[in-house]
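Chains A and B supply the protein sequences, listed in that same order.
The opening residue of the first sequence carries number 38 in this note's numbering; numbering runs sequentially from there.
The opening residue of the second sequence carries number 38 in this note's numbering; numbering runs sequentially from there.
Watch out, some of these pointers could steer you wrong.
No copy is singled out in the list; a pair is fine if it fits within one copy or between any two copies.
Below, a list of computed lysine-lysine pairs in the BS3-like style, where the Cα atoms sit at most 25 Å apart [as the list claims (entries may be wrong)]:
{"id": "1", "residue 1": "Lys-165", "residue 2": "Lys-310"}
{"id": "2", "residue 1": "Lys-310", "residue 2": "Lys-160"}
{"id": "3", "residue 1": "Lys-310", "residue 2": "Lys-43"}
{"id": "4", "residue 1": "Lys-165", "residue 2": "Lys-52"}
{"id": "5", "residue 1": "Lys-140", "residue 2": "Lys-220"}
{"id": "6", "residue 1": "Lys-594", "residue 2": "Lys-364"}
{"id": "7", "residue 1": "Lys-624", "residue 2": "Lys-220"}
{"id": "8", "residue 1": "Lys-210", "residue 2": "Lys-261"}
{"id": "9", "residue 1": "Lys-52", "residue 2": "Lys-77"}
{"id": "10", "residue 1": "Lys-210", "residue 2": "Lys-588"}
{"id": "11", "residue 1": "Lys-165", "residue 2": "Lys-220"}
Please keep in mind that the hints were generated in silico from the structure rather than gathered at the bench.
Residues per chain are reported as follows:
2 protein chains.
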Amino acid sequence: MDHAQKLAAIRSLMKQQHIDAYIIPSSDPHMSEYLPDRYKCIAWTSGFTGSAGTLAITQDFAGLWTDSRYFVQAEEQLEGSGFALVKLQVQHAPEYADWLAGKLPENAVVAFDGELTSVSLAKVLINKLGPLRADVRGSVDLLTPVWENRPALPTAPAYVLDETLTGESTRAKLQRLREEMKKNRVDAHFISSLDDLAWLFNIRGSDVACNPVVLGFGLVTVEKAILFIDRQKLQTEDRRRLADAGVELADYAEARRALTHLEEGTSLLMDPKRTCFSLYRAAAPSASIVEQTNPTTYFKAIKNPVEIDHTRNTMVKDGVALTRFFKWLEETLGREPITEISLAEQLRRFRAEQADFVGESFDTIAAYRAHGALPHYKATPISSSTLQSEGLLLVDSGGQYTTGTTDITRVISLGNITEAQRTDYTLVLKGMIEGSTVVFPSGTRGYQVDAITRKPLWDHFRNYGHGTGHGVGFFLNVHEGPHVFNTAAVDIGIAPGTITSIEPGVYREGNYGIRIENLVLTIEIQDTVFGRFLAFETLTLGYIDTDLVDKALLDLKHIDWLNQYHVRVYQKLAPHLNEEERQWLAKKTRSI
Amino acid sequence: MDHAQKLAAIRSLMKQQHIDAYIIPSSDPHMSEYLPDRYKCIAWTSGFTGSAGTLAITQDFAGLWTDSRYFVQAEEQLEGSGFALVKLQVQHAPEYADWLAGKLPENAVVAFDGELTSVSLAKVLINKLGPLRADVRGSVDLLTPVWENRPALPTAPAYVLDETLTGESTRAKLQRLREEMKKNRVDAHFISSLDDLAWLFNIRGSDVACNPVVLGFGLVTVEKAILFIDRQKLQTEDRRRLADAGVELADYAEARRALTHLEEGTSLLMDPKRTCFSLYRAAAPSASIVEQTNPTTYFKAIKNPVEIDHTRNTMVKDGVALTRFFKWLEETLGREPITEISLAEQLRRFRAEQADFVGESFDTIAAYRAHGALPHYKATPISSSTLQSEGLLLVDSGGQYTTGTTDITRVISLGNITEAQRTDYTLVLKGMIEGSTVVFPSGTRGYQVDAITRKPLWDHFRNYGHGTGHGVGFFLNVHEGPHVFNTAAVDIGIAPGTITSIEPGVYREGNYGIRIENLVLTIEIQDTVFGRFLAFETLTLGYIDTDLVDKALLDLKHIDWLNQYHVRVYQKLAPHLNEEERQWLAKKTRSI
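One chain only, chain A, in its complex shape:
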């Protein structure tokens, strides 16, 4: 079946079931960003492979709503699918719901699969379609009947991480969680989000690409902690370790039954953004649901000293791989053909040589010239450019190590740089330094650091459309909440122990893109009469191309920072490099 046939099949089912509109979100029952193949519904239905988007289908129209990062890609991939691209005004906003509300007749029937829709989103849909008196059905799966050989759930092995890596036992984590539950007066807590689960139970796996998580659910009460998981994934030894930590194992599919069988009146904590509507409804008749962010989301964000130590060491390994990669690139360019795809493969190889490497933390963005202007570009065999000895190359990549997660972006000159590129690059660097060196009182929110990072760009009438930074996990998801540095009104104070990226950029459509990204750790630096002050320790160790720097645009403090950073990069990486590599890095990290 091609995409047009799939669309026709879905529409035919809609007709049979008297459904006026069907919505297909990009999600799984765990509200994941990275999806197991079974849940790549949008790609299967429409051909679009971007990580964010929603399909909405009526008999007259079928659309993919996605944001500016994916406009070019979506136009290409939707060709002939029967789906039209609808450009989102605001990233992640459910604008298709407004469209449906304006388009559908009164009393229309709107349906979606409640397994793929968060409680929050379902409520927004129900609200927005309220004035229509629409019949909103939250448990309609139209894909399985038409999806031949739909992939089964993944069965990759999972394992328990040692406390020497995690720094805190599952038993201790459960105790902290139970204290928090007590404080919130809840009897039970159901966890759907895979990274929360991985953190709490100190387990990892490879059920999805890039995120080392295992499909599962958790149910924690005062007496019990049940992990719903495909038990086959765990070796006997690990099952025993979980049992020793007070964890009961149950089948993945049993989670729903456990919820429907909760004792009448149980007060149950569920995170409305990270629980699917279907399971929420399963629990609702018996439980009194307290909607709140998973406490583990806050716990997990604050790295413990063991995690921090490992992460610092991991940055050395990652920095060594990056150094070898850029040296290889410089020496190979012009002698062998290098494409964006081969480049990414080579980088993976250098990372794989490092101890404890497990895989990439996201698909490498190797973006040459105009491709750099697409912040989430992923080279395809068709798009993949061959590098020349000119222009800018942007490489945004990261690794998963059992000892931590990395994420770094660098832009290098391949030759023939323009003054405009140099200016843009220097202002991005200036913003990155401003963000990295800010000191701020405890309680400061991410949006305040965001503003300070952007200011050097604003001063020259430049800006970027994405956030300034995201939280990063410890050998977990490279995008980890709840902390974030962006312009949105996310009301959470930056906490000591959190790891976040700082990654301003400038994008010139059809021309080039620049982004420079380091990871930083929030640390306490001074107690004052005005309260405690925090700052960032830069974790990432990778040289920054100084050929692109226009010193005249920097203040002395920025130049000092850059020089000191380069001293540190060299000192930390040199012991792990051979002589030739050391010399090369010394050149790259010379003072300006």
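Once you've looked at the hints, dock chain B against the given chain A.
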């Protein structure tokens, strides 16, 4: 009756009516910040005269919950009242509700006067007391029965402002409002907030101190616009002008009846933050209430060209008054005794000499030495200091003119300044300049400007506990929503045409306080490929004491800004000053 007796009388009524806890907020039926005497319930009950606070009374405890601005004042004023000060952790947070929730038995009866409680606050109370299964009664007035000679509603005259001042007729404003109502699919809109009412109907009055508003309500439908007001306040001519604009007048007390008599099923827009719970409940049985910010709140915030022109001119008048005031102070200090109170009176006199002056826009904060460390200090006959020829004097004041509203803070040296004071002052100035000169893309929120303003202070481990700036009305409230520059997650973009203050500070408890405040107008400055960029035009014209500036702490751009600002202050004010005043101002505005 003294305060202890009043408390006893209230407790006795509580017993009779089986009320376990009674809450007295600081408000009126219009959710005003400045209250008519009739609604100064907290002052009457407890003696506390601060502008923010809540009383909660049980049989065992009576407390005033207020924020750090008022701790010192509250301790003094509550002495012997039977009320204890409870220090708020977070400004304006209903922490007394949490206290009650933790303290009261199950099924307790909690009561408040729904006329003095917003819909939002009432819902928070009901929610927080939910776990107690409390009986929350929102229509209990225990004060009127015990308040002998409770003041009647004010009867000050009101008047219609000419379109030459307002720049937009009531008819045109009503049309805009009705278009917005149509967009939101509402049939009717009820307005309680007095500044929204004053703006929409182009009326002003003096029912409360400092805010030139009139007590009233508004009800707007497609066909009708009814202003509920004490008609005696308006002259025949003004009543005719309102009638000509399509406005029907009705008695103030008729508003409730109008709400209870709405046609069944009317969809009614009410602002839950600016409507009292009592009137909300009056409307609820028949109307379907759409809770949303009053559209006029957004309209009003964006000043039209006529308002902007008037405001610019008003700044000249205010600047002349300030110049004369500071000159008088310099020449009088040491020759005649000057107290904080006499200082404020003298400033009022200089303002009153200016054309179109109506009154002060808030109570002048004239705060000498340690008093400056109390951001909202108001001198009382007991506290009022006599000025000496040393230390810092902070003067935060503003005027209401029919041509605009002003608000300016300056700190001057009276002699013998320490290096620490100079450093603090210069860093505050630097922050003020950073905030005033920022350029930013359309869509930027106030919290982003807040961060940029604070950064120079953060860089030196200093901070201030209040917001960076507030919206300011046009011949209306000096605190005007919805725009605000502070650390809170207020999700609204800074819009061209809005007037806001920028007023960073540093406060050294028991020692001194520094704050420098200008009003700025948001303007459009450049369209770019990254979107439209906005900036601020500084409106306030008043010299900044350069004796306190440590140039070494400023960058060239800050010094340039200060010198250019002083050139402008001189150029704008000089034509309105006599020769002696001009010479004095020339000296004060000399380049550094």
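* Hint by hint, which ones does the structure fall short of? -> 3, 6, 7, 10
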